[in-house]
Amino acid sequence: PCAGRCGDLSLVALLPALRRRLGLPAELHVVKAPARECSGLVLLSGCHRATERLQQSFSRARRGGRFPATYCAVTVGVPAEPEGEIRAALRWQQQGDTAVVVPVPAPGRRSLARKEVKNTLTRYRVLGAAGGCALLQLQPKTGERHPDISPVSPCCQHGPTSPRVSPAFPEQLPVHLTLLLCPALGDHEHSSRVGRVLGVPFLLPPEAAPTRAQVRGGAGGLAAAPRAPPDPPSSSQVLDEELVARLGLSPQQLRRLPLHLHLQRLELP
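full-length UniProt numbering puts the first residue of the sequence shown at 1, with every later residue one more than the last.
Read the hints as simulated data drawn from the structure, not as lab findings. Warning: the hint list may mix true and false statements.
Using C-beta positions, here's what the derived DEER-type ranges look like [unchecked claim]:
| hint | residue 1 | residue 2 | range |
| --- | --- | --- | --- |
| 1 | Arg-19 | Arg-53 | 13 to 23 angstroms |
| 2 | Gly-108 | Arg-246 | 19 to 29 angstroms |
| 3 | Ser-250 | Pro-25 | 17 to 27 angstroms |
| 4 | Leu-24 | Ala-106 | 44 to 54 angstroms |
| 5 | Glu-27 | Gly-131 | 22 to 32 angstroms |
| 6 | Gly-128 | Pro-269 | 26 to 36 angstroms |
Cβ coordinates follow ideal geometry from the N, Cα and C atoms, glycine included.
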């Protein structure tokens, strides 16, 4: 992970040693990094002015309708459309002793103004598909409600829409992939929200899906960040026998299967 509690092994804890190893005079700090569960690029800087310029550049790119961060994901399931946009209003919601992220079908102006709810957007494109799985390119955004954009239900929309947005909402991509009915491979938390009847996927409501408090690691909910590094889940993502056989994984290995979500590219000035 990028950060952690005192004593935890994390990228931030290793930055002083990395600076000494590279012989750099200035302290390093993280400008951009993937979420804890994801892999991918990490952008470091030893100059506060350069960091500010990069952050301003990311903000200008988002305001201009561009997508500065590009991810790749391996999904269980293939989207019905080869490309499109996933749009949903998201919020944190307490379920028992666990904070989860849930979609809001019709967010009100007040909740958006108070930033209790945020409109989120992810552009996706299918790069390839085989054996019931797909490789997706993902470009996430998050933002408050723009006056020209009416509230939308959590569904997939296709077409050129460019709301004014800010950086991605925590756990946005895994949640959006469940709304697409194609959870990421290795998603032991959110994939339980996608059920199947006669092989046809459907979305379970948040209250019907098991949460981390109910089934460790098989959660449909999301724990609020920051959080401690997760233990290996005792219940893993449910995969069909054919896919498990192709992966060649034992049940113990399947429980440790990492989230196949990778920060692939950053758009720099």
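Now the hints, each set against the structure:
Checking the proposed 13 to 23 angstroms range against Arg-19 and Arg-53 shows it holds: the Cβ atoms sit about 21 angstroms from each other. For the pair Gly-108 and Arg-246, the supplied restraint of 19 to 29 angstroms is violated, since their beta-carbon distance comes to about 46 angstroms. Look at Ser-250 against Pro-25: about 49 angstroms separates their beta carbons, and that is not inside 17 to 27 angstroms. Against the hinted window of 44 to 54 angstroms, the Cβ-Cβ separation of Leu-24 and Ala-106 comes to about 51 angstroms, which satisfies the hint.
A C-beta distance of roughly 47 angstroms is found between Glu-27 and Gly-131, which places it outside the suggested range of 22 to 32 angstroms. Range check, Gly-128 to Pro-269: Cβ separation about 31 angstroms, and the 26 to 36 angstroms hint holds.
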